[in-house]
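> Now for the letters of each chain:
Protein chains: 2
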Amino acid sequence: MSRNVHITVEYDGSAFRGWQAQPGSRTVQGVLEQALSRVCGEDIRLNGASRTDAGVHALGQSASFTGNFGIPAGRIPIAANDLLDDVRVTVADDAPEGFHARFDARGKTYLYRIAASREPDIFLRNYRYLLNESPDKGKMEEASARLVGTYDFAAFRTMGGAGQGDTVRTITEIGIEQHDATDTKGGPIRETDIRVSGDGFMYNMVRIIAGTLVEIGLGSRGLESVAAAIRSKERADAGHRAPAAGLYLETVYY
Amino acid sequence: MSRNVHITVEYDGSAFRGWQAQPGSRTVQGVLEQALSRVCGEDIRLNGASRTDAGVHALGQSASFTGNFGIPAGRIPIAANDLLDDVRVTVADDAPEGFHARFDARGKTYLYRIAASREPDIFLRNYRYLLNESPDKGKMEEASARLVGTYDFAAFRTMGGAGQGDTVRTITEIGIEQHDATDTKGGPIRETDIRVSGDGFMYNMVRIIAGTLVEIGLGSRGLESVAAAIRSKERADAGHRAPAAGLYLETVYY
Numbered sequence: 001m002s003r004n005v006h007i008t009v010e011y012d013g014s015a016f017r018g019w020q021a022q023p024g025s026r027t028v029q030g031v032l033e034q035a036l037s038r039v040c041g042e043d044i045r046l047n048g049a050s051r052t053d054a055g056v057h058a059l060g061q062s063a064s065f066t067g068n069f070g071i072p073a074g075r076i077p078i079a080a081n082d083l084l085d086d087v088r089v090t091v092a093d094d095a096p097e098g099f100h101a102r103f104d105a106r107g108k109t110y111l112y113r114i115a116a117s118r119e120p121d122i123f124l125r126n127y128r129y130l131l132n133e134s135p136d137k138g139k140m141e142e143a144s145a146r147l148v149g150t151y152d153f154a155a156f157r158t159m160g161g162a163g164q165g166d167t168v169r170t171i172t173e174i175g176i177e178q179h180d181a182t183d184t185k186g187g188p189i190r191e192t193d194i195r196v197s198g199d200g201f202m203y204n205m206v207r208i209i210a211g212t213l214v215e216i217g218l219g220s221r222g223l224e225s226v227a228a229a230i231r232s233k234e235r236a237d238a239g240h241r242a243p244a245a246g247l248y249l250e251t252v253y254y
Numbered sequence: 001m002s003r004n005v006h007i008t009v010e011y012d013g014s015a016f017r018g019w020q021a022q023p024g025s026r027t028v029q030g031v032l033e034q035a036l037s038r039v040c041g042e043d044i045r046l047n048g049a050s051r052t053d054a055g056v057h058a059l060g061q062s063a064s065f066t067g068n069f070g071i072p073a074g075r076i077p078i079a080a081n082d083l084l085d086d087v088r089v090t091v092a093d094d095a096p097e098g099f100h101a102r103f104d105a106r107g108k109t110y111l112y113r114i115a116a117s118r119e120p121d122i123f124l125r126n127y128r129y130l131l132n133e134s135p136d137k138g139k140m141e142e143a144s145a146r147l148v149g150t151y152d153f154a155a156f157r158t159m160g161g162a163g164q165g166d167t168v169r170t171i172t173e174i175g176i177e178q179h180d181a182t183d184t185k186g187g188p189i190r191e192t193d194i195r196v197s198g199d200g201f202m203y204n205m206v207r208i209i210a211g212t213l214v215e216i217g218l219g220s221r222g223l224e225s226v227a228a229a230i231r232s233k234e235r236a237d238a239g240h241r242a243p244a245a246g247l248y249l250e251t252v253y254y
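Quick note, the sequences are listed as chains A and B, same order. Those letters in the first sequence? Residues 1 to 254, by this note's numbering. Those letters in the second sequence? Residues 1 to 254, by this note's numbering.
Hints should not be assumed to be uniformly reliable.
Which copy is meant is left open, so a pair is good if it fits within one copy or across any two.
[Claimed, not checked] Derived lysine to aspartate or glutamate pairs resembling DMTMM-like cross-links, with alpha carbons at most 20 Å apart:
hint: 1; residue 1: LYS137; residue 2: ASP193
hint: 2; residue 1: LYS185; residue 2: ASP86
hint: 3; residue 1: LYS185; residue 2: ASP85
hint: 4; residue 1: LYS233; residue 2: ASP85
What the hints contain is simulated information worked out from the structure, not anything from laboratory work.
This is chain A alone, in the form it adopts within the complex (with noise of 0.2 Å):
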């Protein structure tokens, strides 16, 4: 009888091309597949909840496979994480037949990273937007406010080779927390936290919001903008795409 197994995932994406598996490209459904298949004694394929793109990380990726394996599902992290380095296999559970940790999937949360300081901390580079200067929390909660909601993002997303289909989303929370720090030379650091939980997400539409609640922190965008980028459906007239190193996979609903 054919098992499905469901497993949350942690990677630090910023020695991956992406999660997708690729020839000739580190991946990280190629390198968990492998793991899990000499884990399982049986070739392994990795539906993944989402494609993360290379230099994203994740602390709860969810994906799915299936197979006539032997090992318990609870036995699997251990074995597994013995042959990973920068994935780590956090839970698995087995899962009613027909589960796909992709098309199952009801929600996501993902986690935008910034840090301001006066000098760039080169340990950080991979792990957070680097900015000189604080965006102000306040102006990003009013934008945060207009961005909740079922709307048509299409000025929030990247066009890709796939087709563009619906573009209406519904985000249902944006949270935005700062606290001071420390950096790797002691120095003082303002990090900015932006969560971000929707339904669904287009390619670089989490990237493209943060983008424009920073403009808006810093104060090169005004506020208005937002209910005019999401009229006008049009991407120049949303902010920039924030990049790859700050944004985390934090949670998947299902």
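Chain A is fixed; fit chain B onto it per the hints.
Quick look at chain B alone, frame taken from chain A:
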């Protein structure tokens, strides 16, 4: 007239095969020489104060170079950093004729960083020695007191290919700091910073001191073993060599 320039450099050692230039390997010296040669318009050869190993970081490495270039020393950092990613020139000054970053160094401080948590934080794997349990500060301090002074540290170095020479060194200070912190997923970690200052260090000496202190702090090695290792001069009587990832060259003194 030939000029002599003294620079201070920081780098994330994760993606380097160490400091020293080697054909076919990405090294800090190689990458820096390439950038400085472009900035200065002539071939630059660097003298580095310390030949840090693969994976070892620097917050304050020192290096010097000579040449007949025209660029003011104060403009070198900005011009070079424009060409650099995981290395940064933080200071550049004209130095007296004959100054040599390695031969003139009077002492150094290394920082060794440990993070203890129940689950390893993969985002810290290149930047800390990851332990499950936090070593005891008091025990490490007692052991440190027995290492400070002028001793034959032959037991605390890896035999290299180069001549063994004099193995007497002076450790002027070892400081231990501990504090609570938060890992990338928001979980609790306990950080330990060990700072070791001395007039000079042999190959792997700081990592073997850190490994010895960790074993003593975790209770798997007795305090009296420090004096015994100094007396015996046998590598086998000192502790393990702690990983490169936790080591930072912090300051070079002149």
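> Work down the list of hints and note, for each, if the structure agrees.
Tested hints:
Only within a single protomer do LYS137 and ASP193 lie at most 20 Å apart by alpha-carbon distance; the minimum there is 10 Å, versus 33 Å between protomers. In this assembly of identical chains, LYS185 and ASP86 lie within 20 Å of each other by CA distance solely across copies; the values are 15 Å between and 24 Å within a copy. In the homo-oligomer, the alpha carbons of LYS185 and ASP85 lie at most 20 Å apart only across protomers (17 Å), although the nearest pairing inside one protomer, at 26 Å, exceeds that limit. For a Cα distance limit of 20 Å, the shortest separation of LYS233 from ASP85 qualifies neither inside one copy, at 42 Å, nor across copies, at 36 Å.
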